[in-house]
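The numbers in numbering that gives the first Met the number 0 rise by one with no breaks, and the one at position 64 of the sequence shown is 63.
Please keep in mind that the hints were generated in silico from the structure rather than gathered at the bench.
What you are looking at is a predicted structure, and each value in this text was computed from that prediction instead of being measured.
Each residue gets a CB set at the ideal place from its N, CA and C atoms; glycine is no exception.
The reader is advised that the hints may include incorrect statements.
Below are the BS3-like pairs computed for lysine-lysine, each with C-alpha atoms no more than 27 Å apart in a straight line [to be verified]: (1) 255 x 228; (2) 18 x 8; (3) 228 x 167; (4) 257 x 221; (5) 296 x 18; (6) 252 x 226; (7) 84 x 177.
Quick list of the computed label-pair ranges, beta carbon to beta carbon [what the hints assert, rightly or not]: (8) 114 x 221: 24 to 30 Å; (9) 282 x 183: 34 to 40 Å; (10) 122 x 268: 21 to 27 Å; (11) 77 x 37: 20 to 26 Å; (12) 221 x 123: 29 to 35 Å; (13) 99 x 18: 25 to 31 Å; (14) 245 x 186: 38 to 44 Å; (15) 20 x 123: 46 to 52 Å; (16) 186 x 0: 45 to 51 Å.
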Amino acid sequence: MAKIFVTRKIPGEHLEKLKAAGHEVLVSDVDRPLSGAELVEKVKGIDGLLCLLTDRIDGDLMDAAGPQLKIISNYAVGFDNIDVKAATDRQIPVCNTPSDEVNEAVAEHTWALILALARHIVEADESIRRTGYKGWEPDIFLGSNLVGKTLGIVGLGRIGGMVARRAKGYNMTVLYNKHEPDPEAEKELGVQFVSLDDLLAKSDFVSMHVPLTDETRHMINKDTLAKMKVGSYLVNTARGPVVEEGALVEALKNGKIKGAGLDVYDDEPNISPELIKMQNVVLTPHIASATYEARNKMG
Numbered sequence: 000m001a002k003i004f005v006t007r008k009i010p011g012e013h014l015e016k017l018k019a020a021g022h023e024v025l026v027s028d029v030d031r032p033l034s035g036a037e038l039v040e041k042v043k044g045i046d047g048l049l050c051l052l053t054d055r056i057d058g059d060l061m062d063a064a065g066p067q068l069k070i071i072s073n074y075a076v077g078f079d080n081i082d083v084k085a086a087t088d089r090q091i092p093v094c095n096t097p098s099d100e101v102n103e104a105v106a107e108h109t110w111a112l113i114l115a116l117a118r119h120i121v122e123a124d125e126s127i128r129r130t131g132y133k134g135w136e137p138d139i140f141l142g143s144n145l146v147g148k149t150l151g152i153v154g155l156g157r158i159g160g161m162v163a164r165r166a167k168g169y170n171m172t173v174l175y176n177k178h179e180p181d182p183e184a185e186k187e188l189g190v191q192f193v194s195l196d197d198l199l200a201k202s203d204f205v206s207m208h209v210p211l212t213d214e215t216r217h218m219i220n221k222d223t224l225a226k227m228k229v230g231s232y233l234v235n236t237a238r239g240p241v242v243e244e245g246a247l248v249e250a251l252k253n254g255k256i257k258g259a260g261l262d263v264y265d266d267e268p269n270i271s272p273e274l275i276k277m278q279n280v281v282l283t284p285h286i287a288s289a290t291y292e293a294r295n296k297m298g
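Construct the entire structure; sequences and hints are all you get.
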């Protein structure tokens, strides 16, 4: 049977199923991402690797494991942490964990961020905890209705489509941008294909749903942020480096955009201290897919 190394303890009973099938399952005994040097030591002689998106899996690591390495499985939908070409060159299959449960969880979290921004949910909660509730007032934490607003979706894949479907309930206009128009999605979801520049200029909320590639890295930067509608919001539940964090900080400071909701960051786990200080920014620790249903399906 196979010798499998898991880079971090994961929820659910899935590892027990592997053990019951006769496989030797070794799980990292530290509750943090392993360093590159630690990974090199741990993977020696394994047949299978179950890794997380915090693990950098390159050709050198595959070679350190040895020629018997048969499969790499990523406990995530994305797989930009793995050098897929290096794996292909070594004839090692790479698997990820896409599922409707995972995609739905990310779409729901996207909307949680949108609603938190539009209605100052986090600020209002902090205010009560800090100073108490002093009674109803007519002009505190005035937010924005979603009804009648425009949502721009950058990357209309499975998750982007689920986000668009939910926008129907708010009677929002939904614009989208991707490599090519998607007539089927337009018919099903009532969305409109536009250029990225038009999407940025017309959207009250811009939501990122693209994979991380050389083309999409820092696609939201000083130039593209300057094209966004004044007073709009940016939401990113895709991959952190899609947004250039320093440029986002400047756009928020100068009032070009009104706020941002972020679940992912340019240099995780590091986050700009300036973002942390901003009241018009909602931050979550890469938990968009963190539901019991999604985690169970990922296993």
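How the hints compare with the structure:
The straight-line distance between the Cα atoms of residue 255 and residue 228 is roughly 8 Å, inside the 27 Å bound, and the hint therefore holds. With a C-alpha separation of about 14 Å, the suggested pairing of residue 18 with residue 8 holds against the 27 Å cut-off. For the suggested pair residue 228 and residue 167, the alpha carbons sit about 22 Å apart, so the restraint of at most 27 Å is met. Using a Cα cut-off of 27 Å, the hinted pair residue 257 and residue 221 holds, with the two alpha carbons roughly 15 Å apart.
This hinted pair checks out: residue 296 and residue 18 have alpha carbons roughly 18 Å apart, not beyond 27 Å. Restraint check for residue 252 and residue 226: the C-alpha separation of about 16 Å stays at or below 27 Å, so the hint holds. Under the criterion of a C-alpha separation no larger than 27 Å, the hint pairing residue 84 with residue 177 is consistent with the structure, at around 24 Å. Between residue 114 and residue 221 the Cβ separation comes to about 28 Å, which falls inside the hinted range of 24 to 30 Å.
The supplied range of 34 to 40 Å is met by residue 282 and residue 183, whose beta-carbon atoms lie about 35 Å from each other. A hinted range of 21 to 27 Å for the beta carbons of residue 122 and residue 268 is consistent with their spacing of about 24 Å. Taken as a hint, the range 20 to 26 Å holds for the pair residue 77 and residue 37, whose Cβ atoms sit roughly 23 Å apart. At roughly 32 Å, the beta carbons of residue 221 and residue 123 sit within the given window of 29 to 35 Å.
Evaluation of the 25 to 31 Å hint for residue 99 and residue 18 yields a pass: the beta carbon distance comes to about 28 Å. Hint check: residue 245 to residue 186, Cβ distance near 40 Å, so the stated range 38 to 44 Å holds. Between residue 20 and residue 123 the C-beta distance comes to about 50 Å, which sits within the given range of 46 to 52 Å. The hinted range of 45 to 51 Å is satisfied by residue 186 and residue 0, whose Cβ atoms lie roughly 49 Å apart.
Every hint, counting from the list given before, is met by this structure.
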